[in-house]
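Please take these sequences and the hints and turn them into a complete structure.
Protein sequences appear in the order of chains P and V.
Numbering (this note's numbering) for the first sequence: 1 to 155.
Numbering (this note's numbering) for the second sequence: 1001 to 1260.
Don't read these hints as lab results, they were simulated from the structure.
Any given hint might turn out to be false.
Okay, derived cross-link-like pairs now, EDC-like style, lysine to aspartate or glutamate, Cα gap no bigger than 20 Å in a straight line [claimed, not checked]:
| # | chain 1 | residue 1 | chain 2 | residue 2 |
| --- | --- | --- | --- | --- |
| 1 | P | Lys-54 | V | Asp-1193 |
| 2 | P | Lys-56 | V | Asp-1222 |
| 3 | P | Lys-54 | V | Asp-1196 |
| 4 | P | Lys-56 | V | Asp-1196 |
| 5 | P | Lys-65 | V | Asp-1193 |
Here are the simulated distance ranges between beta carbons [what the hints assert, rightly or not]:
| # | chain 1 | residue 1 | chain 2 | residue 2 | range |
| --- | --- | --- | --- | --- | --- |
| 6 | P | Ser-70 | V | Gly-1175 | 35 to 45 Å |
| 7 | V | Thr-1012 | P | Glu-110 | 49 to 59 Å |
| 8 | P | Gly-63 | V | Leu-1177 | 48 to 58 Å |
| 9 | P | Arg-5 | V | Glu-1126 | 52 to 62 Å |
| 10 | P | Phe-74 | V | Thr-1235 | 50 to 60 Å |
| 11 | V | Arg-1039 | P | Tyr-91 | 56 to 66 Å |
| 12 | P | Thr-78 | V | Phe-1257 | 29 to 39 Å |
| 13 | V | Gly-1178 | P | Ala-16 | 27 to 37 Å |
| 14 | V | Ile-1203 | P | Glu-110 | 21 to 31 Å |
Virtual Cβ for every residue (Gly too), placed ideally from N, Cα, C.
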Amino acid sequence: MQHTRTQDTIVGLFVASGIVGLFFLAMQVSNLSSFTNQDSYTITARFENSGGLKVKSPVSAAGVKIGRVSAISFDPKTYQSVVHLNIDAQYNTLPDDTTASIFTSGLLGEQYISLEAGGSDDFLKQGGKIEITQSAIILEKALGQFLFKSTEEKK
Amino acid sequence: MIEYLQHLGKNTRTSFTKLGRGTYFLIQTVTGITSVLLRPRLLLNQMYSVGVLSFLIITISGLFVGMVLGLQGYYILSDFGAEETLGVMVAASLVRELGPVVAALLFAGRAGSALTAEIGLMKATEQLSGMEMMAVDPIKRIITPRFLAGFLSMPLLAALFSAVGIIGGQIVGSGLLGVDEGAYWSQMQAKIDFQDDILNGIIKSIVFGFVASWIALFEGYDAIPTSEGVSRATTRTVVNSAFSILGLDFILTALMFGDN
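So, in structure tokens, the structure goes:
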């Protein structure tokens, strides 16, 4: 039957185009193509205040993304924020006196962790700790200090 | 007062009876799936009338929805100097919400109403009872292939809707308004997560396809076998499908995207 054969072809085309659509969404729209389950190691950093940092926030060194934040928790003994960083295994030469700071990309952008390498010869390994940290700058705090200072000067 | 209460009680009872009949109907339909898989020809014919014939309306609507999103998003984002994130906005709203929901609403209007009318008329012209006389189970022969076709077509249609919409947003955003094309795609790829956004959108569309096909087929099967009854059933299909799709969308969104 001629009719059903063309119908078959059209249904086939329809299903194929739907799958192409799904494929397009997966590859072109989402980050699946760059998502490779690479090896990584985890290090922790303690901050006085981790501000608006979130799980999955980027970790960068010299402006290049080298990992992600994997977990954030509160330490009830030291009242600090403990941030776990997942660093790609290929970047395994971070010195153990690396400093971690929380910055904001742009004025209203999301927060990220910036690592600055130190001069030590020993490298950070799985479970390593970053000792020197700089907390997030809370805009309200900074504004408060600024206002306080300017009124002091007027006196 | 008593009359009012009686009326209320009767209405409540009728609606619960209908829900029960609908559930029974759904169980019968789902158990018929194995026998349909043995005869894929039936399914293929229905894929044609349910899926392929909705293809055009879905893609064209998707294109325009994406273009409007590109235009409106550009006006708002350019106030903050954040035009580059247009891609994220268009893709996130399409993949998470508009793709599954609008595609399902269009599907209910285009394919659902046609299914109800078809089955209602089959019932009115006693084709369904004729089949029963010939010892052919009308649920397995008529209902299940249509149900399966709707259920399978919906995710494909929703994915097409989102994909075409994202391209439409790109046409308007970087073609007409001058957003950098590289930024449109790279920001999108950085922010849209396959599991959180795209997979959840697909799950949504599967649920909507299930519900929309179920409602359309049941309303047709349950229609009063007169021309007026069929017309009422068709109206009820569109209204009930729209309600259930939007209501379910709220619940699914709260479940899926609630924790961040």
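Worksheet item: Between P:Gly-63 and V:Leu-1177, does the beta-carbon spacing fit 48 to 58 Å?
Response: violated, 29 Å
Fill in: Distance restraint hint 29 to 39 Å, applied to the beta-carbon atoms of P:Thr-78 and V:Phe-1257
holds, 34 Å
Discussion item. Can you tell me whether the CB distance of P:Phe-74 to V:Thr-1235 sits inside 50 to 60 Å?
Written reply: Check passed, 56 Å falls within 50 to 60 Å.
Fill in: Distance restraint evaluation - V:Arg-1039, P:Tyr-91, Cβ atoms, bounds 56 to 66 Å
This hint holds: roughly 58 Å between Cβ atoms.
Worksheet item: Is it true that the CA of P:Lys-54 sits at most 20 Å from the CA of V:Asp-1193?
Response: holds, 15 Å
Worksheet item: For the pair supplied as a hint, P:Lys-54 and V:Asp-1196, is the alpha-carbon distance within the 20 Å limit?
Response: holds, 16 Å
Item to complete: Please test the hint of 35 to 45 Å on the beta carbon pair from P:Ser-70 and V:Gly-1175.
Response: holds, 39 Å
Worksheet entry | Distance restraint evaluation - V:Ile-1203, P:Glu-110, Cβ atoms, bounds 21 to 31 Å | Hint holds: Cβ distance 27 Å, inside 21 to 31 Å.
Discussion item. Against the range 49 to 59 Å, how does the distance between the Cβ atoms of V:Thr-1012 and P:Glu-110 compare: consistent or not?
Written reply: holds, 51 Å
Worksheet item: That 27 to 37 Å hint for V:Gly-1178 and P:Ala-16 (C-beta), does it hold up?
Response: For V:Gly-1178 and P:Ala-16 the Cβ distance comes to about 34 Å; the hint holds.
Discussion item. Please verify whether P:Lys-56 and V:Asp-1196 have alpha carbons no more than 20 Å apart.
Written reply: Since the Cα atoms of P:Lys-56 and V:Asp-1196 sit roughly 13 Å apart, the hinted pair holds (cutoff 20 Å).
Fill in: 52 to 62 Å as the expected CB spacing between V:Glu-1126 and P:Arg-5, which holds or is violated
violated, 33 Å
Hint compliance for this structure: hints 2, 8, 9 are broken, all remaining hints hold.
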